[in-house]
Amino acid sequence: MNRKLWNQFKERVLNLSGEVLYAEDKKEVGELISRLISQYPNPMVGVAVSPLIEESGVVELVEKSGGIIDRISGGEPVREFKIGISEMDLGIAQTGSLVQDATDLGKRLVSMLPEIHIALLRGENIVPCLQDALDHFYRKGIPPGYIAFISGPSRTADIERVLTIGVHGPERLVVIVLNERGEGTKRGKKRV
Amino acid sequence: MAKKEFKSQIKKALDDPLLRNALGRFGETYPQSRENIFEGVSFPELREKMKAVKIEALSQIDELAAGFKEQAEARGAVVFPAKTGEEALQYIWELAQKHRVKTIVKSKSMASEEIHLNKFLIDRGVEVVETDLGEWIIQQAGQKPSHMVMPAIHMSKEQVAELFTKSLGKEVPAEIPKLVKVARGELRRKFLAAEMGISGANIAVAETGTMVIFTNEGNGRLTATLPPIHVVLVGYEKLVPRFSDIDNVAQLLPRSATAQNITSYITMITGAVPTYQRETGELGKKELHIILLDNGRFDLAKDSVFREAYQCLRCGACLNVCPAYQLVGGHVYGHIYCGGIGSILTAFFHSYSDADNLQSLCMQCRRCVETCPGGIDIPKLVFELRRRLTEKRNLPFTQRFIFQQVLSNRRRFHSALRIAVKVQSPLTKGTPYIRHLPLLFSPLTEFRSLPALARKPFRDCFKEMEQKVKKPKGDIAFFAGCMIDFVYPEIGEAVVQFLNKKGFKAVFPEEQNCCGAPAAYSGDLETGKELARQNIEAFFSTEVKYIVSACPTCTDFLAKKYAEMFPDEPEWREKAEAIAKKTIDFVKLASILGTGKQTKPRGKKKGQVTYHTSCHLKRTMEIYDEPRKVLKEAGFDVIEMKETDNCCGLAGSYAVKFPEISAPILERKLNNIEETGVDLVAVDCPGCLLQLRGGLDKRNSRIKAKHTAQILAEGRA
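Top line first, the protein sequences correspond to chains A and B. In terms of this note's numbering, the first sequence opens at residue 1 and continues consecutively. In terms of this note's numbering, the second sequence opens at residue 193 and continues consecutively.
Treat the hints with care, since some could be wrong.
To be verified - With a cut-off of at most 25 angstroms between alpha-carbon atoms, the simulated SDA-like pairs for lysine to any residue come out as follows:
| hint | chain 1 | residue 1 | chain 2 | residue 2 |
| --- | --- | --- | --- | --- |
| 1 | B | K382 | A | M44 |
| 2 | A | K82 | B | Q469 |
| 3 | B | K261 | A | G141 |
| 4 | B | K572 | B | P236 |
| 5 | B | K693 | B | Q659 |
| 6 | B | K370 | A | N42 |
| 7 | B | K584 | B | D760 |
| 8 | B | K373 | A | R79 |
| 9 | A | K82 | B | I368 |
| 10 | B | K373 | A | Q39 |
| 11 | A | K4 | B | G232 |
| 12 | B | K849 | B | R558 |
To be verified - Which stretches of chain B does chain A cover? Using the computed rule of at least three CB atoms under 8 angstroms from a CB of chain A, they are:
| hint | stretch |
| --- | --- |
| 13 | 315-328 |
| 14 | 331-344 |
| 15 | 428-439 |
| 16 | 449-457 |
By construction, these hints were calculated from the structure, which means they are not laboratory data. Idealized CB from N, CA, C, for every residue including glycine.
Isolated chain B, as found in the complex:
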């Protein structure tokens, strides 16, 4: 899909109040319900076990498939391994023809959607009826699911009633219990008439040939029981070695998908069971056909990075917490499979180009990593997908030019910024904000002001700073990063002042450049590597105990990503590892050095502050308690805001690409901040600070947003 069409789909989803409301409410309640339902159960333990089972299964996939086939066939099933979707379709079609099947009832199966089974059969004159209530509704409406677990979440009861009235030719009232009753009656007739039932399965057990299906409505059981023929379409990733592994999935799947302890029904089918034969009127054996679907799964399994996606249970927990998915839903953020994980699956089951728009919606906030019961690092996979896509098709010209011609040449980059400072004055009108941008760029300033570039970059300010340290304990190197260097030099000054107070002298290696994250996160790993080399060189020779950065994205990049960037260059890798060992985020360092008594005026409270938890701080560096501790020591009462660790919506260049998604995410964040009633919000990421300050300025809010370093520096006075 072209970018323009994609953008207009996003607009359509955002402008749909029903969808927005339903997805929003669900996004708000799900995290709490999920937490409650995992109470008394160790999620990390279950997840580790699940991951181990999936990795084990992946390593012996051929043996498991063979074992499953042997066991299931010994119990009377027929197992057909389908290499492609086409093979699976043909198999089902031949079976349907052989038994003169006119009507097929289906229980929700993602694999069947993946191979476009319904369309294929309907084109050949077979009646195919989806029996999951939500799926049935959208089937009648001729739409696609807007949510993986709740496919018709975008429709009101009035719309459903109108739809039923039209398709059934009788008046149906817009009352949910009545609508459900009508559906039961209509679908029951289909169940009793259908010659074939098609379903998916959530688990396939190799040692026994058992298939396990989780449902709430009970349509899965009817599909498997009433028609004399049952076809199960199941992907290889559903194979587990042992019958006892079912327990692990049963503990995780319903809790993750819908925050339920257990679904109403769990059905375990091993081989062909007795069924009523309509032709003879006698009890006979069921025709049970199991299609093991490859369709790209083996390629995925062989890929050294993406094989991790094999651990996916298809529960949708990652979508339930995804800030972008919560806004636009599955019509936008889905091809067949939705969200970040969907972009990976789509790349293998369909094509890389189908996956392109999907991956672009991932903000890399890492929220999903916390909830995935398969232990998948989805953002890492999206990051890799982005890199491979960029390799294939290059970045857009301006971005490529900025990354490759400007960013990676420090002198050129810095002089460009110095020129920009001079030409921005008509836009800032003497204030520190750019409130409106002309024409093309106007969406960037519609919902938040942008900060003006600082008149004097930090690197110049630093030279003029007098560092008074009585008995120096040593040197600490400061990595500024672009935001602090050129937009918020005052944060850098605050960091230096704090270090001095603690008895350390700050050093600032002049040759340091952009950390490389923006280029790398956009898929340009080469520029990322070039910048990494420059920074490694700049810091390698400094003899310091710590390299401190006050931007978590930079910190994470220096401390974690640099070393991963040079797998085949041991010399650089070694240097990168040495840098990584010393690199620390400001707030972590502050908590180690202690702010304590020096910053706290005797016995007096400094007031209240609320804290915004930045994505990369919490979810890559696992820093959560430290800023709270530091602020409390500095004499503040920390009032927690709702959803403190929800993304602010900036996500690097995301806010530039998708301002329409970034804006409502920021709105929600600002509302949560305002709800605390506090007039100071602390944050440790200059990017988040830019977003929050800009949003607060647009609202004319009295609330001030400050970097923790600034608050600590002020606290000393």
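Bound-form chain A, shown alone:
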């Protein structure tokens, strides 16, 4: 993970009223998720399955910490849930955005329906700017069916121009950045 990009990304997400958490291994990811889930009384949790989600044992953790799991895989009636968890493909340092190929219905639903969205991101996938993200998805000349750029929680200023968080989308966006190789951060350097 590039330290400069990480610092910029983190600052931007915070500026957008998002939250950023840092983990150095999957176990830590799990702990952070458990802690977040336990802040709510038996919440309904929607999980869009991806390799990182599986490897971090998210499903078991959610159940252990009192959450009721709903694996979103499409083909089921759309249900409302309190917390959504999914993995993002890219982060953009310049804008604090998360980017995801969200062609899969489940991936789309967990980031747009719930009040809380927990987004997992691998630190090495933070790119400098929006153009890099466009290039990433255009590599083969065929962009995926649905690309989602998410920058902070859902917001409006439609009543009296007062910025209010959480209209149609999540009111809380928590980004967990996983930096497995521990590079580029103070904590990482100590370990080397």
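Since the structure of chain A is already known, use the hints to place chain B on it.
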């Protein structure tokens, strides 16, 4: 809409304290927020790139449309090119019938408002729900948007709470977070029940068939995802050639619209994606229908002048800085599309007559030109629209008479003015101001005194001036313009004195007349041209290095507009170009010749001055630093006022047509001047001077307003 009704709408908007307050606060904060958000990014570069992309797209519009259709359909969408709004409406209606659609959720789309889609569907028994919070609020209130980006800016939280309480049948407290929560809950039910979602799109990419939607609330994503059918209504102007062009729009659109780096959500949809099918309970392909809307856009694209409007991103930045829009908002300054650019779009998408009232509110201050990310010269387009409208319907009789019978005949015009000097004395009561006008004309003097016509016009004063120049370096011709000639001859005298001091003799060609701007800006280009010919003749034979004018509107007209007026008359065009080369504004000339040591008493400061930046000086001639430099050299401390380049509200005959809008703009300017604590304000435009002096006189202010030439001339003593 009749003029009278229009006037009463203006009054209603101006009398609405909530609207005034909200729009005013936004107008005050937006410019700074915008500047901050563009920090570290080159706006001019991005704009040039954007303009190039849009011009490229326009030149191959048919190919791009065909490419887009092919790509999107290859990915499972259906693309329908609609020639008219009616065709688009029918298409959507048939689709809705086929799928037995009862409820439609909508994400804000200007194109859908343009074709009156909601009314059309509701009349046919379909429930149509706007899901953008502001749009939902005004939909329930049965109103029109008062602002393009913030449609409900005119309502207080109390009013919204009352509205929700009434329409939902349960008590809703007037607290913004609670109101937002209520809206979320209500609209979520609609999202889950709706069979069809309708949205617009901000970009359509030809090479991939991708559509891009920018939203903050997240309603756009729900509209595109939850209902099994998604209809996208998109104008041809949204087409760009390449996927990589998205970046350019993404850099400019959120920054320009709401001064955000990026919106909360950017959604890029390419073809039909999986969706949950309610009937089968299985995962299926989405029904994605894309309507490419023409509805006048191709006519706009073919128009040699108005095609520039094709570069519009619909961001609303031009409205955010427009002095008239900041006062009256979208209820007045909008048909569907708002402001100056709205008047052009309205002329093509609706009709010229719908555009008429809109265009009349443009003050030609050119503020919008600085902020438009598409690089559109909106005032130029409004100017052309005004000309075409005048061609169609003629000016009102008195104006036509003044322009065509009086102004264009110099002798008649000047003798009329000389007579007016004699008859004005009952109104001036011996002062240099007219403080009250009777009856019909009283709005003109309600908020500022008008200057009296000078007893002796400059052309007479000039003859009596002794020009003492020791070793003459040459001659400089002076173009006075009506204001200096007949209202403020002392400015002309100051200019001559300054030139003499610099070693030049001033010449004053007697045959010069009004520059023609007032007639042309009112849409009477013919009279404008006639006056241009007279002035070109008067100055063409003078052998001078410079033609100096101390009125930026005149300067701009002589230096820029004359040559454009004769595209098909090469002889006049050539002469006009020769005149243009020599024409220079006084303050620019002063900065070239230098005021320096001659005007500065040894080592002593002359005091403080604040400077009002005139619209035409800054935004057509790009003169900004020169007056500051000249005043500093003359020994003054220049204290900058807030919003120095905001219009003073005169805008030529605008103050006569819309005194009710001109007045509050002047108020704000005077407040900014007073805030500096300085008792002298310098200005380079006699029109602005008239407005500022008149306003200061009404306030009994101790602050004096003077033309820079006068300050420099006095400085010598």
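Against the structure, the hints:
1. K382(B) - M44(A): holds, 21 angstroms
2. K82(A) - Q469(B): Satisfied, since the Cα-Cα distance of roughly 23 angstroms is no more than 25 angstroms.
3. K261(B) - G141(A): holds, 17 angstroms
4. K572(B) - P236(B): holds, 19 angstroms
5. K693(B) - Q659(B): holds, 9 angstroms
6. K370(B) - N42(A): holds, 24 angstroms
7. K584(B) - D760(B): holds, 22 angstroms
8. K373(B) - R79(A): Holds. K373(B) to R79(A) sits at ~18 angstroms (cutoff 25 angstroms).
9. K82(A) - I368(B): holds, 22 angstroms
10. K373(B) - Q39(A): holds, 20 angstroms
11. K4(A) - G232(B): With Cα atoms ~17 angstroms apart, K4(A) and G232(B) stay inside 25 angstroms; holds.
12. K849(B) - R558(B): holds, 19 angstroms
13. 315-328: Contact hint for the stretch 315-328 of chain B vs chain A: holds, 4 residues under 8 angstroms.
14. 331-344: Since 3 is at least three, the answer is holds.
15. 428-439: holds (count 4)
16. 449-457: holds (count 6)
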